[in-house]
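Protein chains: 2
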Amino acid sequence: MRFFDEQEDMRPTVHDIAAEAGVSLATVDRVLNARPGVRAKTREKVEKAVTKLGYVRDVAAANLAKGRIYPFTFILPQNDNAFMRGLHDAVEQAVERGPIERTQIDIVDVPAFDAEALAAAIDAARAKAPAGIALVAIESAPVIAAVARLKQAGIPVVTLVSDLQDGERDHYAGVDNRAAGRTAATLLGRFLGERRGTVGVLAGSLSVRDHQNRFEGFSEVMSERFAHLDVLAPMEGRDDAALAQKLVEDALTSHPDMIGLYSLGAGNRGLLKALDPAHDSGREIVTVAHELSEHARAALEHGTFDAVLNQDAGHEVRSAIRVLKAKADGLPVIDSQERIRIDIFIKDNLP
Amino acid sequence: MRFFDEQEDMRPTVHDIAAEAGVSLATVDRVLNARPGVRAKTREKVEKAVTKLGYVRDVAAANLAKGRIYPFTFILPQNDNAFMRGLHDAVEQAVERGPIERTQIDIVDVPAFDAEALAAAIDAARAKAPAGIALVAIESAPVIAAVARLKQAGIPVVTLVSDLQDGERDHYAGVDNRAAGRTAATLLGRFLGERRGTVGVLAGSLSVRDHQNRFEGFSEVMSERFAHLDVLAPMEGRDDAALAQKLVEDALTSHPDMIGLYSLGAGNRGLLKALDPAHDSGREIVTVAHELSEHARAALEHGTFDAVLNQDAGHEVRSAIRVLKAKADGLPVIDSQERIRIDIFIKDNLP
DNA sequence: CTGAAAGCGCTTACAG
DNA sequence: CTGAAAGCGCTTACAG
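As you go down the protein sequences, you meet chains A and B in turn. Take full-length UniProt numbering: the final residue in the first sequence is number 351, and no numbers are missing along the way. Take full-length UniProt numbering: the final residue in the second sequence is number 351, and no numbers are missing along the way.
Everything labelled a hint here was simulated from the structure, so no lab data went into it. Glycine residues also receive a C-beta, built at the ideal position from the N, C-alpha and C atoms. Treat the hints with care, since some could be wrong.
Said to hold, decoys possible - To give an idea of the chain A side of the interface with chain B (calculated C-beta under 8 Å), a few residues: (1) Val56; (2) Ala60; (3) Lys66; (4) Phe191; (5) Gln337.
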């Protein structure tokens, strides 16, 4: 027998708050959204009611009512490798989810490794005053200056995949590349076991922060724990298939004792053209690479690659969007929720 | 200058469909939700309008209007190990998200490894006619029968973490445990390199399907690729700390040549009590374990564990809920989106 | 078999 | 500084 309704598991609505506080819906809304123009005393009444009833805003309903659309711009490098294509796809999928997520995403393509072009694209994007901008950063003066201009214009910026110095941007959506390099070193060193010889490193360009950080992490662990292995100076293949192939072929020839290789950049295709024949002819070179492209997957299955480190471009894009929305609304970002993991794949745990 | 409004990027609403088809909102809704009582001809008109305008339903608005709440029941084993506690936590977090996700989740705890108790809990849950049930399965006759009764009552069932035969349940939210076992074998074998000796296996209980599958996968790869290693018969520690500790201590004593260990069950605590002293005294036993608990993380950092395979309980629970909702609504499940990954952690890529 | 109207929880002009 | 009313896109009784 119940004498009055406890409404036990009905969550309170703005109506309940308004009734409890003795004010109108509009005032409740003002307080809830920290909008100006409410007397301190009125504000307090509403806040008390919110606490008392344990009110939690229904975000979906709020969005519906707002009809708000977030215009975002994603600036991506026109880099023809599987990872960047995957990133592009992930952003395009986000574009398609736009109507549902209330975003309106513009994609701007810029030439790869071109700081001037990137800076120009940032300025052009700024002129359209979007609610936020995401970009794959290049650490160079014109880019840093252009990002500072975004900051001044009050436009939130998220770096994607490759970061910029702290303070310049609002958030970085990508993996810890130093940790990735360390992970690669541990796997390579342990897979090599007792074997002795030289280890090659193939980078895209050490002028990009993510490649540089991977190399640092890798070198740290190699000298800390695998000092018996001889790490060669890094080759820079500019993520170009033909160049990468040539560099690796030359290295294989000039270092007959090469038993390990860490490919820390993109563009596994050229690398594999050099490596597959060696592997098939029985030369055992333990190889750790990055990004689970179709080529990388095939190489794992074939045995040419021993491990592949991966960052999930889809996760990175979704995280960037969540963060941009939060920044646009002046809401806090829960860092632990936005951490992007370094995935390790071997032939047995391929998805 | 624009002569008429193209409404280019306004997505069409039910109103637009109604206008285009020349029917009322109610009829549009009936067609959209495949509800009965619409003349074939009317239905066609609406469908034509939907296609023509490229209508996509706003799910959030639909949910708001429905005010529908999904009552689900999660049946979990009262198993005192870190993984099961983590699973419990993940479900509790889902309970808290209930108001936002429009779910009303009941958690039912049952004794671990007790098929009768689990079957009884399933029947009791069925009596309350929830919109769906998730459970950590035990493959045994009473459980299979109880699940079949759910099926007959038209209640969707998802197995969580540990599966049941195909056909009995609607979906399995967990990892591919055979692949997990294979992954463990590859890591263990490769980390051992040229070393020769015996390899121990510690399971919880081979009567549970997930443990059994891991062991199968592990054995396959060991005999395929690391036949020079001597894999001992599996020990069954029932995920009990004291028992596991004793079993491993005994094995270490009776097999002085033991150089590898695969712990495929839960309960790393007991295992580590046996293993840490051995490790600290300089005995090198390459160890691969499951589930990234606090103990496992510490063991990775300390060097006692060499790799840890992990399944993300949070992902599994969220996937189970998505699937239960879809099944409750008679909607299709996108399998590729619900695949749960096997994460590999070493000391360098700890999150 | 079909439709007009009210309502889900919130926000937004517009008045006052 | 505050409130009454309309509306976001959809669904649901209730009439007919």
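Going down the list of hints, with the structure as the test:
1. Val56: holds (6 Å)
2. Ala60: holds (4 Å)
3. Lys66: Violated: closest Cβ of chain B sits about 12 Å from Lys66/A, beyond 8 Å.
4. Phe191: holds (5 Å)
5. Gln337: Not OK, violated: Gln337/A not within 8 Å of chain B, min 11 Å.
Consistency with the previously given hints fails for numbers 3 and 5, ordered from lowest to highest.
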